[in-house]
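Colleague: Order-wise, the sequence lines are chains A and B. The first sequence begins at 1 in my numbering and counts up one residue at a time. The second sequence begins at 1 in my numbering and counts up one residue at a time.
No lab work stands behind these hints: they were computed from the structure. Among the hints, a few may not be true.
Same chains, same names: a pair is fine if it fits in one copy or spans any two.
What the hints assert, rightly or not - No farther apart than 35 Å at their CA atoms in a straight line, the calculated lysine-lysine pairs in the DSBU-like style are these:
1) K205 <-> K29
2) K188 <-> K71
3) K46 <-> K188
4) K96 <-> K186
5) K2 <-> K206
6) K57 <-> K4
Number of protein chains: 2
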Amino acid sequence: MKEKNVGIIGGMGPQATIDFANKIISHTKATIDQDHIEMLIYNDPKIPNRIDSISGKGENIAPVLIRNAQKLIEFGADFLVLPCNTAHYYYDEIKKNIDKPFLNIIDESIQYLHTSNIDKIGVIGTKPTVELGLYQNKWRALGHQCVNHSGKIQEITEKIIAGVKANNTCCIDQEEQMYFFDFFLKSKINALVMACTELPVYFSKKDSPIKLIDPTLILALKTIEFAGYEVR
Amino acid sequence: MKEKNVGIIGGMGPQATIDFANKIISHTKATIDQDHIEMLIYNDPKIPNRIDSISGKGENIAPVLIRNAQKLIEFGADFLVLPCNTAHYYYDEIKKNIDKPFLNIIDESIQYLHTSNIDKIGVIGTKPTVELGLYQNKWRALGHQCVNHSGKIQEITEKIIAGVKANNTCCIDQEEQMYFFDFFLKSKINALVMACTELPVYFSKKDSPIKLIDPTLILALKTIEFAGYEVR
Chain A
1 MKEKNVGIIG GMGPQATIDF ANKIISHTKA TIDQDHIEML IYNDPKIPNR IDSISGKGEN
61 IAPVLIRNAQ KLIEFGADFL VLPCNTAHYY YDEIKKNIDK PFLNIIDESI QYLHTSNIDK
121 IGVIGTKPTV ELGLYQNKWR ALGHQCVNHS GKIQEITEKI IAGVKANNTC CIDQEEQMYF
181 FDFFLKSKIN ALVMACTELP VYFSKKDSPI KLIDPTLILA LKTIEFAGYE VR
Chain B
1 MKEKNVGIIG GMGPQATIDF ANKIISHTKA TIDQDHIEML IYNDPKIPNR IDSISGKGEN
61 IAPVLIRNAQ KLIEFGADFL VLPCNTAHYY YDEIKKNIDK PFLNIIDESI QYLHTSNIDK
121 IGVIGTKPTV ELGLYQNKWR ALGHQCVNHS GKIQEITEKI IAGVKANNTC CIDQEEQMYF
181 FDFFLKSKIN ALVMACTELP VYFSKKDSPI KLIDPTLILA LKTIEFAGYE VR
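For reference, chain A alone in the conformation it holds in the complex (with noise of 0.2 Å):
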């Protein structure tokens, strides 16, 4: 089989985009730089805010999203991929108009959790990717549960995010850690999908006495499978 290369839709956030392909790097089995997978990666922070897409406040993004993905395909990508869960609410819009494969983030994490010995999930991500249930709705479809979470928790979660994006790490306070973990201790989950890829960048300097799922890995796990490559 021939190796492909693959085209990454980035900049939501720009650092998400490097955790994603540092993923795929430091994942993918080689001893010399030629093992490694060729990308292309369009770091494009200038797309305007999703959320605000999203609840129609904004200006659409979903033709920025097209645009990038055209662009990566005529520069020479084999294959797609959009490291922002949030922007994944544009996935069939953007699919239908591209002629390359394109993973998903949410199908690709839903079908990890769906073959782990995992039942009940927090989702914890942006207002749209938790309200609009982009996890949780295919989730339950497939008989497991989700637990609700509180508007502090999301309120907590939305620092987080922000607080990544503009480098600062620091950005919740210890009462603020510790409700957020007491939160999900109590929920009694299996597990805690981490559905923003800013999440785990700040988690992975963090212990967690929670079980914590990392869509952005399981992204770049499946593109280096995809791109005809061996995890290692």
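Assemble chain B onto chain A, guided by the hints.
Modeller: Relative to chain A, chain B alone:
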């Protein structure tokens, strides 16, 4: 001033390219995604071995570097950077074939060192970087001093570079690490230049008794300024 986007001629190696992009993002003054630099990263690890190209043993990689530079410009890059010291052997040849500004990691680092309180340096990197004096010639031309290191230092340096490319950070043993730092401590240098972009990836995880200079970081900071952004 209109902000510029940057095209990164990457993949040499892939992890070093990501380290460079990460340094740009984490040093840009930003509070939201849209404050960050737009970047297009062509992380092409299939570019043949630079050392064999320079020695004449392998394929001449100049045409591939020029092609990748031109592809980035066609995509829309306003200026280019090449986070690989060894490949700067081909800097002039690439520059002749493109019509956009192209920052030079060696010149930027030499200028940084020259304006610091530094005179005697060590330079570690690949064999061609060291033997052809890519840094040393320019440094000595400014009236400064360089130490020539032993064959064993070169061997240890090459083990570290290969280790990073293979995702192996335990690539040298305790005795080698002691020899390495002892050599440069005894040589009474003011600073040691990590003149291969794999080296900062390795040394960022180590304590060093010697002042280390990171050309990847110097180029990242220059990229932020040249693109019209503020360093944080």
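Colleague: Indicate which option fits the pair K2, K206 if close means a Cα-Cα distance not exceeding 35 Å: within, between, both or neither.
Modeller: neither (39 Å within a copy, 39 Å between copies)
Colleague: Can you tell me if K205 and K29 fall within 35 Å by alpha carbon in one copy, between copies, both or neither?
Modeller: both (25 Å within a copy, 22 Å between copies)
Colleague: For K46 vs K188, is the C-alpha pair at or below 35 Å within one copy, between two copies, both, or neither?
Modeller: Classified as neither: same-chain Cα gap 39 Å, cross-chain 47 Å, threshold 35 Å.
Colleague: How would you classify K188 and K71 at a CA-CA limit of 35 Å: within, between, both, or neither?
Modeller: neither (45 Å within a copy, 52 Å between copies)
Colleague: Please work out whether the CA atoms of K96 and K186 approach to 35 Å or closer within one copy, between two copies, in both situations, or in neither?
Modeller: neither (42 Å within a copy, 64 Å between copies)
Colleague: Reference check for the pair K57 and K4, CA-CA at most 35 Å: within, between, both, or neither?
Modeller: between (38 Å within a copy, 28 Å between copies)
Going down the numbered hints, you'll see the structure goes against 2, 3, 4 and 5, while the others check out.
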